[in-house]
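*Asks:* As a plain string of letters, each chain reads:
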Amino acid sequence: MDDPLVIGDRQYSSRLITGTGGASNLAVLERALKASGTELTTVSIRRVDTAGGTGVLEVLERLGIDPLPNTAGCRTAAEAVLTARMAREALGTSWVKLEVVADDRTLLPDPVELLDAAATLVDDGFTVLPYTNDDPVLALRLEELGCAAVMPLGSPIGTGLGIRNPHNIELIVARANVPVILDAGIGTASDAALAMELGCAAVLLATSVTRATDPEAMATAMRHAVLGGRLAHGAGRVPQRFWAQASSPPR
Amino acid sequence: MFVRINGAERAVPDGATVTEMLAALGVPARGVAVAIDGAVVARTDHDRTVVPDGADVEVLTAVQGG
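So the sequence lines, in the order shown, correspond to chains X and V.
Start counting the first sequence at 41; every next residue gets the next number (the working numbering).
Start counting the second sequence at 1338; every next residue gets the next number (the working numbering).
Hints in this document: simulated from the structure, not taken from any laboratory.
No residue lacks a Cβ here, since even glycine has one placed at the ideal position from N, Cα and C.
Take these hints with a grain of salt, some might be off.
Computed footprint of chain V on chain X; a stretch qualifies when at least three of its residues, placed anywhere within it, have a C-beta under 8 Å from a C-beta of chain V [unchecked claim]: (1) 59 to 65; (2) 129 to 140.
Listed below are several chain V residues computed to face chain X (Cβ distance under 10 Å; list not exhaustive) [claimed, not checked]: (3) V1340; (4) V1349; (5) G1352; (6) T1356; (7) G1368; (8) V1371; (9) A1372; (10) G1375; (11) R1380; (12) H1383; (13) V1387; (14) G1403.
Chain V is nowhere near these chain X residues, computed Cβ spacing over 10 Å in every case [claimed, not checked]: (15) D43; (16) N110; (17) D143; (18) D144; (19) D163; (20) T253.
With these hints in hand, go ahead and build the complete structure from the sequences.
*Replies:* Below, the structure is given as structure tokens:
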């Protein structure tokens, strides 16, 4: 595998992790997931609807995509830990996207509860991928606790505001020894490319694809954006200059 | 006997195990997790864990999200 994304004991060839939330139906979701080329995708854990099936899992199975259960909706460490343990039994995976949010208006991570939950889950043998603020100090603390990756937000979930503090993302990347995955806030392809140019190991997005007018086309765009951003990061960009510098010979 | 399943009172056979309860509810055994009175029941214990009368049961599964 060329330039694989390594998280914990797994390797992926795709550096785009897509979420399943927000798609209008499973057929649209399936086409978008396929177009994105993703190999890992988030699902939420909720009460069963005895009338419905486990449709989303069947889609993931058919496409050969690993499920990454999240703890969306949890406000406390205790809720998140219970949800992660339920997910482990339901899906047979010890991987979890750990989300502990402070309130419904911002959906910003609650750092105190997040650290508490991360510590408990790491001790319990989980591979923890925490959704965190774009805070370099918190990112380091999560890594020190034993998280397998850190996933800072670009901007709040579902806003599509892109990366509001690129320098903080670069600071997180500069000190991390685990993959940094830009999670939340991606609006369009240029945001995903920027995340990769800043040195992120991967991008996690959902809304920007599932709620786009044409989810399949946007998923394709995101796949190319992540590839392009990754290549550009490794290619060594030219320095930014204040004054022009001719690229054609003088005569 | 009666138990509360996901907040609603439901009748299940007396002495039912978790596996039997799920079957009685018509819930597929794959892809679900069960907690009884706030404690997660390991998947490997579904066949031998008896659901107590009056228990508060949560049955969860994966849905689109995140």
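*Asks:* Each of the hints needs a verdict: does it hold here or not?
*Replies:* Hint by hint, here is what the structure shows:
1. Residues of the region 59 to 65 of chain X with a Cβ under 8 Å from some Cβ of chain V number 5, which satisfies the need for three, so the listed coverage holds.
2. Counting residues of the region 129 to 140 of chain X whose CB falls under 8 Å from any CB of chain V gives 6; the rule of at least 3 is met.
3. Because the closest C-beta pair between V1340(V) and chain X is about 14 Å apart, greater than 10 Å, the hint is violated.
4. The beta carbon of V1349(V) is not positioned within 10 Å of any beta carbon in chain X (closest approach about 13 Å), and the interface hint is therefore violated.
5. Taking 10 Å as the C-beta contact cut-off toward chain X, the hint placing G1352(V) at the interface is violated, the least distance being around 22 Å.
6. Hint status for T1356(V) relative to chain X: violated, with the closest Cβ pair at about 13 Å, above 10 Å.
7. The interface hint given for G1368(V) is met, as the beta carbon of that residue sits about 4 Å from the closest beta carbon of chain X, less than 10 Å.
8. With a least beta-carbon distance of about 7 Å to chain X, the hint placing V1371(V) at the interface is held under the 10 Å criterion.
9. Among the interface hints, the one on A1372(V) holds; its C-beta lies about 6 Å from the nearest C-beta in chain X, closer than the 10 Å criterion.
10. Here the hint on G1375(V) is kept, as its CB sits about 8 Å from the closest CB of chain X, short of 10 Å.
11. Interface hint at R1380(V): satisfied, since its Cβ lies 5 Å from the closest Cβ of chain X, which is below the 10 Å cut-off.
12. At its closest, the beta carbon of H1383(V) sits 9 Å from a beta carbon of chain X; the interface hint therefore holds under the 10 Å criterion.
13. A cut of 10 Å between beta carbons decides the hint on V1387(V): the least distance to chain X is about 18 Å, and the hint is violated.
14. Interface restraint check for G1403(V): the shortest CB-CB distance to chain X comes to about 3 Å, inside 10 Å, so the restraint holds.
15. Every C-beta of chain V lies more than 10 Å from that of D43(X), the closest at about 26 Å, which supports listing it as non-interface.
16. Listed as outside the interface, N110(X) is inconsistent with that label: its C-beta sits roughly 4 Å from the nearest C-beta of chain V, within the 10 Å cut-off.
17. Under the 10 Å C-beta cut-off, the non-interface status given to D143(X) relative to chain V holds; the minimum distance is some 18 Å.
18. Non-interface status of D144(X) relative to chain V is upheld: no Cβ of that chain comes within 10 Å, the nearest being about 15 Å off.
19. Chain V leaves D163(X) outside its interface by the beta-carbon criterion, the shortest separation being 16 Å against a cut-off of 10 Å.
20. The beta carbon of T253(X) is kept farther than 10 Å from every beta carbon of chain V, the shortest such distance being approximately 19 Å.
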